[in-house]
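2 protein chains.
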Amino acid sequence: MRLAKMAGTRCRVDDMNAILEELRPVFYPRSIAVVGASSDEDKSGTQFLRALVKAGYTGALYPVNRSGERSCGLPAFTSLRFIPEEVDYVVVAIPRSTVLPLLDDCAAKGVKAVQLFTAGFRETSTDAGVQLEREMVTRARRGGFRIIGPNCIGIYNPSMRIPYGPLSQIGEPGSVGFISQSGGHGGRFVELGIERRINFSKLVSFGNGADLDCVDFLEYFAADPETTLIGAYLESVERGTRFMDLIRQTSKRKPIIVWKGGRSPAGSETAISHTGALSSSYSVWKGAMAQAGAIAVESLDELADTVISLEAIGPATGGRAAIVCGLGGGGGGESVLAADVFGSRGLKILPFTEKTRLGIGALLPGAGTILRNPLDLGGILPKPEVLEKVMSLVLDDENVDFLVVQEHLGKLMKTLLGDELSALNQTLVASQRARNKPLLVVAPAWARTEPALEIEDQLRRKGVPVYRSFESAAGSINRVAGYWRRLRA
Amino acid sequence: MRLAKMAGTRCRVDDMNAILEELRPVFYPRSIAVVGASSDEDKSGTQFLRALVKAGYTGALYPVNRSGERSCGLPAFTSLRFIPEEVDYVVVAIPRSTVLPLLDDCAAKGVKAVQLFTAGFRETSTDAGVQLEREMVTRARRGGFRIIGPNCIGIYNPSMRIPYGPLSQIGEPGSVGFISQSGGHGGRFVELGIERRINFSKLVSFGNGADLDCVDFLEYFAADPETTLIGAYLESVERGTRFMDLIRQTSKRKPIIVWKGGRSPAGSETAISHTGALSSSYSVWKGAMAQAGAIAVESLDELADTVISLEAIGPATGGRAAIVCGLGGGGGGESVLAADVFGSRGLKILPFTEKTRLGIGALLPGAGTILRNPLDLGGILPKPEVLEKVMSLVLDDENVDFLVVQEHLGKLMKTLLGDELSALNQTLVASQRARNKPLLVVAPAWARTEPALEIEDQLRRKGVPVYRSFESAAGSINRVAGYWRRLRA
Chain A
1 MRLAKMAGTR CRVDDMNAIL EELRPVFYPR SIAVVGASSD EDKSGTQFLR ALVKAGYTGA
61 LYPVNRSGER SCGLPAFTSL RFIPEEVDYV VVAIPRSTVL PLLDDCAAKG VKAVQLFTAG
121 FRETSTDAGV QLEREMVTRA RRGGFRIIGP NCIGIYNPSM RIPYGPLSQI GEPGSVGFIS
181 QSGGHGGRFV ELGIERRINF SKLVSFGNGA DLDCVDFLEY FAADPETTLI GAYLESVERG
241 TRFMDLIRQT SKRKPIIVWK GGRSPAGSET AISHTGALSS SYSVWKGAMA QAGAIAVESL
301 DELADTVISL EAIGPATGGR AAIVCGLGGG GGGESVLAAD VFGSRGLKIL PFTEKTRLGI
361 GALLPGAGTI LRNPLDLGGI LPKPEVLEKV MSLVLDDENV DFLVVQEHLG KLMKTLLGDE
421 LSALNQTLVA SQRARNKPLL VVAPAWARTE PALEIEDQLR RKGVPVYRSF ESAAGSINRV
481 AGYWRRLRA
Chain B
1001 MRLAKMAGTR CRVDDMNAIL EELRPVFYPR SIAVVGASSD EDKSGTQFLR ALVKAGYTGA
1061 LYPVNRSGER SCGLPAFTSL RFIPEEVDYV VVAIPRSTVL PLLDDCAAKG VKAVQLFTAG
1121 FRETSTDAGV QLEREMVTRA RRGGFRIIGP NCIGIYNPSM RIPYGPLSQI GEPGSVGFIS
1181 QSGGHGGRFV ELGIERRINF SKLVSFGNGA DLDCVDFLEY FAADPETTLI GAYLESVERG
1241 TRFMDLIRQT SKRKPIIVWK GGRSPAGSET AISHTGALSS SYSVWKGAMA QAGAIAVESL
1301 DELADTVISL EAIGPATGGR AAIVCGLGGG GGGESVLAAD VFGSRGLKIL PFTEKTRLGI
1361 GALLPGAGTI LRNPLDLGGI LPKPEVLEKV MSLVLDDENV DFLVVQEHLG KLMKTLLGDE
1421 LSALNQTLVA SQRARNKPLL VVAPAWARTE PALEIEDQLR RKGVPVYRSF ESAAGSINRV
1481 AGYWRRLRA
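Those protein sequence lines, which keep their order, are chains A and B.
Counting from 1, one number per residue, gives the positions in the first sequence under our numbering.
Counting from 1001, one number per residue, gives the positions in the second sequence under our numbering.
Be aware that one or more of the hints could be misleading.
Unchecked claim - Quick list of in silico lysine-lysine cross-link-like pairs, DSSO-like style, CA-CA up to 27 Å:
1) 1383/B with 1437/B
2) 252/A with 437/A
3) 54/A with 1411/B
4) 1414/B with 54/A
5) 1414/B with 1462/B
6) 383/A with 1043/B
7) 355/A with 383/A
8) 411/A with 389/A
9) 1411/B with 43/A
10) 1389/B with 1437/B
11) 1043/B with 411/A
12) 1383/B with 43/A
13) 437/A with 348/A
14) 348/A with 1286/B
15) 1348/B with 286/A
16) 1389/B with 1355/B
17) 355/A with 437/A
18) 1054/B with 411/A
19) 286/A with 254/A
20) 1462/B with 1411/B
21) 1043/B with 1054/B
22) 389/A with 414/A
23) 411/A with 383/A
24) 1414/B with 43/A
25) 1054/B with 414/A
26) 414/A with 1043/B
Honestly, the hints are just simulated from the structure, not real lab data.
Whenever a hint applies, use it, and build me the whole structure from the sequences.
Take a look at the structure:
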C-alpha cells in the first residue's frame, strides 16, 4: 500500500483495510513528539503540548526544543533523534527555515506521520514557498512517512484524547468524520460540536495538503468503521475525478456534506492565498456535488444543522410537518413565520384531519386556541397529561410525518421550574418515541440563560435535535430530504 | 379631522399636523386606566399595570376591577366611570363578553384611545367574533374614541416611559418607528432593540386593526418628527392603494422596511387565523414594495440588521468593501468566507492598490500576512499604533468605500484585557472618523461572554454597527445600497 502510494498510484475504495492501516499512525498514534514545545508558554508548540497533556492523551509525549528545556512538566530532547522510544506522530511548530533538517530527523527516527503547523509555503504564492513545500514531500516519500499540512492544525480524535491543536476541550467520541482545509473552521466546528452534541469520530485540518489531501482523508473516512457521516470544508480539490468517484461510491453508504469555500470570484482569489490551491466555478461544483450524492451547504451553521437533521430525519420520513408554537407564551406571529419558512423551503404543512382538530378542541377549549397547523397554543401551558394527549393526537395525524415544537426556553422558565420543564420535555419525547415520528425542537437563540442551555442539552442527550430558528430547521430538513430522494432515484 | 375620519374619509399625508394631533392621546396619554388589573398577579391586566409602574410612567394610573381591590399598590375603581380625573388611554384585559359595556363606559368617560389586549374576535373566523368586533368599532365611532386592537399589546413609547405590555424594560428613546401586526414579533423587536441599541421613537402592536390599522400608523410615523426610519411587520393590508401611496411618498424622506408575514400559502392561511385578515401573493407584494421604495425583509434579524446598516451606510457610500479578518486569531477560512458572502451578495471586494499593499507589508512583515482584500491578519495582534496605521492605509485606499473588521471578541479577550480591547476599538473608531468611511464590526455569536458583550455594546454606543455574521452584514448592506440606488433613480 505504502509503496503503491509512493509510486504515485492510488488505492481503490474497496481496498479499505489498506487505507485504514496506512493512516493508523495518523489517527491512532501511540506516541507524539512536539517540536517547538519549550518553557515559553506563548509558543505554539508549547500550546499544542499543553493541550495534549490537559486533554489526557494516553500515549507517550516528547517535547523537542533546541535547549532541551522542560515543557509542560515533561523532560525535553534537543533532537528528535535522541528520543529513546518509537515516535509515531510529530507535531511541527518551528520556523519554516528549520523544517527540512527536521524532516531528515523524522526519517532517521522512523516516524510515521508529520503534522506541520508551520506555515509560509505554497500559500504565499512565492517561488521559495512552493519549492520548499515540494522538497518536503520529496523527503517524506524518501523517508517513508506521511505529511499532514503544512499550514494546518492537524488531527482531533476524541477516543484517543487527542485535542484539536491548542484547544484542549474534547467532546464525546461519536461517528461524524470531518475534513477541513481551514484550521479555523475546523476549530470552530469542534467547539460547535461540543455545544450542540455533534460527536466526532475524527476531524482533520490538512491546510495546504502537500501530501495527504482531501481525497486521502475521504478514502479513510469512507473505510473507517467508526465514521457513519462525513463532512468537509474544502476550498479546492486537486484530484477531481478520483474525488468525485469517491463521493459517488461513498454517499450511498454514508451521507457526505460539503461546504465549499471560495465560491465567489473574490472568495476564490482569497482561497488561493489561504491554502494555495485553485478553486473552480461554484455552480459547476454544486451541480456535480448533487449529482454525485453529496449535500452542499454554504456555512458552518448550515453544516451543523444538516448533520443534526440527518440524525433525526431518516430515508423513510416524509416531508409533512406538524408545527406547535406558543408553548408558554406568544405564538401567533411565530406560527405565521413557521408556516412561511417551512412552506418556502419545499416542506408541507397540511391541515390536521377533523379527528385531530376535534380531539385538540376538546382538550384545549377557548378562543385563543386556533386549531390549525401550525398549532398556536397562544401562551397556554397545558398540564403534562393534557400536553401528552395533544401531542399524541398531532403525531397520530395521518398528514404528519414529523413534529416541530417551538420552545421559548427563556419564557417557559419564567413560568416553570427547571424540573417541570424537563418533565414537560420528557412528555414530548415519550409521545414521540411511542410513534416513531421525529420530534424536533426550535429554541430561539435569544434570551438564553445557563439553565435554559441545560434544558436544551437535556433534549439533545435524548436525541432530540435543537435548532436556533425555523430557518435553520427547515433549510436543513429540506437538504436531508433531498439527499434521501436522490439516493432512492 | 376626527369628523372626517368618522365619516369614513382619510387624511392626506401632507395633513401631518392633523394625524399627529389625532393620535396624540394614543402615543402621549396623560393618564392610563388598566381595566382588569387586580390583586391577582397572574392576570394580564395586573401585569400591564405592574410594568407601567415599574417602568416609571409619569402620568396618572388607574386600576379598574369589579371588586375595587388595590392593584400594584394603587387604589382601584370598580368602574371606569368613577375615576374622578380625565382618562386618555384605556388598557383592556377582561373577557370579551364584558367588552361592549366597557366601551360604553369609555364613551361616557370621554376617553380618547382604547387598547384591547382581549382576544376572541375576528381572528377566530366565527360569526360571533366578527360581529362583536364590528359592534366595537361602531361604539367607538359613536363614543368618539379610537381603538388599538383587539388582540394586541398596544403602544411602546420610551420617551413617555410606557413599556410594551407586561415587558417592563425600556430602551433609550430613539428615532425608529415600528408597526407590528403581531404582538409577539413586536415584543421580540423591543428586546432585540435594547440588546442591539436600536432605539425606538414609538412602537405599536395593533393586532386585528379593527379601527386604527397599519395605514393610520404609517401616516402617523410619516408625519412624526421623532421618527426618521419606519419598520413594519405586516400580515395583510386592507386599504392597499392608500398604503402603497403612503409608502411611495414617505420612502423618499424616511426609509421604510417591511417584513411580510404569511408569504407562503401555508403562512398565509395561518395569518388569516392570527389576525383575521387576508394576505396577498408574496411575489406581487414584494415587487410592489420595491417599486414603491420600501425595503423588504423576511425575518426579524434581517429587519434589525437593515435598520443598523441604514444608520451606517449612507446614500453616498459605495459598494466596495475592505475586510479585515484574523485579528487576534484564525483568519484564513474566515477570509474566504467573507469574500464568498460579500461577493455573492452584490458587493465588491477589490484588490488593494499597490500603495496600500506596500504600506501594510512594511508594517506587518512575515509570511503569515497575506496582502489581499480580505486582509487576513492570521492571528497577529498588532500594537495599537501599528493597527492604527494599517487601518488608515486600508481606509485611504481608493478602492475602499467602507471597512468591515471581524473581531472574535471571545478570542481577543483571551489575549487582551477588556481595557486594552476597548483601546484597540477606540483606535479603529478614530481611524474611521478621520476618514468618514463607515466602519462595521462582525462579531460572531459564538463564544459570547458578559465582558465580550460589554465590548460589543461599547462599539454600538460609538455608533459602530455590530453584526453576528458576515451573512447578516452583507445581506443588509446590500439591501440598503439597493434602497439608495432606487431612490436616486
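**Q.** Hints the structure fails to honour
**A.** Checked against the structure, no hint fails, so every one of them is satisfied.
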